[in-house]
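Q: Chain residues, written in single-letter form:
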Amino acid sequence: MPPFQLVWRNLTKRKARFLLTAGSLAIAIFLLCLLRSLVVALEAGVKAAAADRLIVQSKVSLFVYLPQAYGTKIAAVEGVERVMRWNWFGGYYQDQGNFFAQFACDQDELQAIYPEIQLVDGSWDDFQRDRQACIVGEATASKYGFKVGDSVPIIGALFPKTDGTTWDFRVAGIYKSTKKNVDDATLFFHYKYLENALDSGEGSGPAGVGIFVVKMSPGADRTEVMSRIDAMFEQGPQVVQTTTEAEFQAQFVSMIGNVPLFVSSIGGGVMVAILLAALNTMLMAAREQTRDIGVLKALGFGDGVVAGVLLWQSLALCAFGGGAGILLAASTEDSVARMLGTVFPGYEVTAGTLWSAAGATLLVGLVAGVGPALRARGLSVIDALRRTG
Amino acid sequence: MALVPLSYNLRSLVVRRSATLLTVLGIGATVAVLAGVLALQQGFATLFVENGRDDVVVFLRQGSTNEGDSVFSLERAQILMKTLPDIERPIDGPPLVSAEMYLAVRREKVGGGETNVPIRGVQQGTFRILGDDIRVVEGRAFAPGTDEVVVGSKLADRIADCRVGDTLVLNTTPFRVVGMFDHPGPFKSEIWGDRDRLAEALERPVFNRVIAKLKDGVDLGELKERMESDPQVPCKVMTEREYLGSQTTAFSFVLRVLGAFLAAIMGVAAVFTATNTMLAALAARTNEIGILLSLGFKPWAIFASFLFESLVLGLLGGIVGCLMALPLNGVDTGAMNFQTFTEVAFAFRVTPQVMVVAVCFSLALGLLGGALPALRAASLRPTQALRRD
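Protein chains in written order, with our numbering: chain L, 122 to 510; chain E, 185 to 573.
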């Protein structure tokens with residue numbers, strides 16, 4: 122049992138240094154948690170994707186629309202239970218900076234195909250009945266203060282209203298997703314509303330369907346259904362590629378893929394630099410204690426005890442710094458998530474992240490502690506006392 | 185009114201060279217990260233803005249923010265091209281106006297994965313307007329009306345099927361790559377072909393934008409206002425420079441925020457390290473301060489002296505950081521511009537502004553890191569300081 126009181130006294134002898142070193146460690150560990158959480162957020166959608174859903178999209182481009190007639194053809198394919206049209210609307214609320222996703226989709230299919238979308242306020246019936254109704258994710262609703270019954274005016278950038286006015290949606294429900302593949306920031310409204318407006322000339326924009334979401338019948342063979350759909354449109358007019366929901370989500374991750382890589386490599390470098398600096402400070406501090414070691418040994422403390430004191434000093438310092446960093450990451454989770462908001466939803470500091478941060482902390486503690494501890498163990502009393510420093 | 189000789193501080197830094205080096209490297213790494221991110225932003229923004237021309241105007245559909253959103257029907261484009269009096273129409277040749285089709289298509293990257301590459305269907309007018317800015321560097325230009333394309337010089341190494349002689353399949357139609365072209369601006373990340381052939385292959389019977397060279401002396405402000413409320417073809421008019429600039433705002437903003445965020449976090453850690461080093465310096469030199477005080481130097485002179493020393497540390501860090509960031513200058517990189525969802529190739533640019541910001545930042549770090557130790561040094565009393573060894 123090492124003398125913990127001595128460990129504590131040694132650490133707090135130079136308070137400023139103790140706080141500054143622990144502070145640097147806290148920052149490095151906080152950064153580690155933050156960066157890992159960002160990457161986790163990106164991949165969350167892919168991991169949570171449903172196995173029985175397929176996405177039919179143009180093989181040519183994200184921005185190419187599929188003919189309406191494809192819907193009935195896909196529905197007739199063996200192994201397909203339900204088909205839903207799904208269009209990116211690309212509008213904004215009041216100002217271009219207020220970004221959240223809006224999708225036009227077949228409202229009855231949405232409820233049937235996406236059981237993870239759970240209303241926390243309002244009702245599905247109300248959403249189904251009213252052509253101009255929409256449901257909004259909790260995050261967006263709380264950010265802009267939307268409540269059930271409110272009217273939400275959206276300016277169509279991709280689908281402008283011909284008379285220059287806004288598209289008005291009435292909030293029929295606020296939803297929360299039980300899985301990460303659907304975020305809590307989206308506004309869903311009736312595909313029919315968009316279709317009718319385009320047909321009547323009330324609005325303008327690309328005709329056709331962005332993607333079709335397919336729900337397979339239970340027991341259907343996934344690869345077979347996928348190749349049946351792809352084969353049907355091989356000769357055009359628009360070639361399609363059918364993927365699983367996971368692959369569909371993964372394509373967006375790979376498209377912005379260099380951004381998280383970029384952030385993590387910079388952040389990783391930063392973290393290593395900070396850790397090295399902290400490490401160096403700790404090693405320097407240990408060297409300054411050489412004379413204290415001599416005194417301890419002269420007083421009759423064993424080699425093991427002296428080495429223990431130095432090791433525990435390092436571990437305790439790291440526990441303070443790393444612990445503060447972990448606490449900071451956990452306690453700022455909500456505010457960081459709110460800051461990233463509707464543009465980058467899904468930020469979550471997972472238990473796995475916290476554990477790996479704790480592991481990194483322990484590692485630094487050991488690396489910084491073992492060297493000086495071993496040296497202290499082997500040092501003779503005379504050598505240690507002779508040193509001034 | 186005597187200042188402590190500056191050579192005292194400079195020599196002190198040399199004597200404690202390992203601690204000095206650690207601090208300088210810490211500040212340097214921080215500054216290098218900031219400079220690197222800013223250099224990325226500069227490279228990206230100048231690629232667009234510097235290579236946009238003021239005498240070329242871009243017509244977009246009203247309310248759209250980029251050419252991906254913008255659509256002109258064949259008929260509207262014709263009206264614009266044939267009747268607008270402000271367009272330069274040489275007596276001995278065709279008018280300097282061109283309607284283009286634009287689409288970001290899904291292509292495979294050479295190293296695997298997918299990205300979006302812009303395809304531009306152009307009329308011969310585009311070449312007349314841009315003139316020598318577009319240079320064929322390998323092979324030849326595509327023949328009008330044929331299934332041939334030319335690729336931008338930045339694509340060959342990054343995107344599959346983009347070498348001269350390759351075949352690119354678009355939807356169901358194969359296109360032959362007959363040449364490679366260069367352009368100082370963002371066009372070198374695009375694939376160009378005949379607008380009518382591409383429109384047919386991609387089933388997009390529309391134009392996305394119209395570009396034109398204006399007659400000398402046309403009042404741009406007046407033209408913008410007039411076209412906004414044009415009864416036949418209301419549209420948004422921008423110079424090419426303004427248009428390209430507007431495509432960079434979101435990504436530039438993200439890079440600036442990212443740079444500021446990383447710099448802030450690392451800055452705090454660097455200040456901690458600097459303070460630690462200066463505190464250690466102070467502890468080792470308590471005796472010297474006592475001597476200085478008894479020689480008659482006033483506490484404020486001691487304060488100024490220590491602050492100067494940490495400013496020198498900051499400056500050295502800034503220089504080291506700039507030196508670390510300098511090799512990045514001119515290095516090619518690619519990033520997803522999420523405003524247009526396409527990948528753009530550009531080079532880092534470590535501009536003088538970037539370096540000025542970096543050095544100012546490092547001086548601020550030195551100042552903050554030196555403040556506390558300098559205050560402590562100034563508050564020592566001569567007897568107290570001399571007594572310590």
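One or more of the hints may lead you astray.
Computed Cβ-Cβ distance ranges for the label pairs, DEER-style [claimed, not checked]:
#1 Q215(L) <-> F311(E): 37 to 43 Å
#2 D350(E) <-> L449(L): 27 to 33 Å
#3 L510(E) <-> V491(L): 43 to 49 Å
#4 L499(E) <-> L448(L): 32 to 38 Å
#5 S386(L) <-> Q308(E): 42 to 48 Å
#6 Q416(E) <-> F373(L): 26 to 32 Å
#7 A444(E) <-> F373(L): 24 to 30 Å
Taking lysine to aspartate or glutamate and the EDC-like style, the derived pairs with C-alpha atoms no more than 16 Å apart in a straight line are [stated by the list, open to error]:
#8 K180(L) <-> E292(E)
#9 K168(L) <-> E323(L)
#10 K180(L) <-> E387(E)
#11 K408(E) <-> D239(E)
Hints were generated in silico from the structure; no laboratory data involved. Note that beta-carbon positions come from the ideal geometry of N, C-alpha and C, so glycine has one too.
Q: Determine for every hint whether it applies to the structure shown.
A: Hints, verified against the model:
Judged by the Cβ atoms, the range 37 to 43 Å given for Q215(L) and F311(E) holds: they are separated by roughly 42 Å. Distance hint for D350(E) and L449(L): a CB-CB separation of about 52 Å, inconsistent with the stated range 27 to 33 Å. In this structure the hint that L510(E) and V491(L) lie 43 to 49 Å apart at CB is violated, the actual value being about 38 Å. Taking 32 to 38 Å as the suggested C-beta distance range, the pair L499(E) and L448(L) conforms, at roughly 36 Å.
Checked against the hint of 42 to 48 Å, the C-beta distance between S386(L) and Q308(E) comes to roughly 45 Å, which is consistent with it. Distance hint check for Q416(E) and F373(L): the Cβ-Cβ separation is about 39 Å, which falls outside the suggested range of 26 to 32 Å. For A444(E) and F373(L), the Cβ-Cβ distance of about 26 Å falls inside the hinted range of 24 to 30 Å, so the restraint holds. The straight-line distance between the Cα atoms of K180(L) and E292(E) is roughly 12 Å, inside the 16 Å bound, and the hint therefore holds.
Note on K168(L) and E323(L): the hinted pairing is violated, with a Cα-Cα distance of about 40 Å set against a maximum of 16 Å. Using a Cα cut-off of 16 Å, the hinted pair K180(L) and E387(E) holds, with the two alpha carbons roughly 13 Å apart. A distance of roughly 14 Å separates the Cα atoms of K408(E) and D239(E); the hinted pair therefore holds under the 16 Å criterion.
Violated hints for the displayed structure, listed by number in ascending order: 2, 3, 6 and 9.
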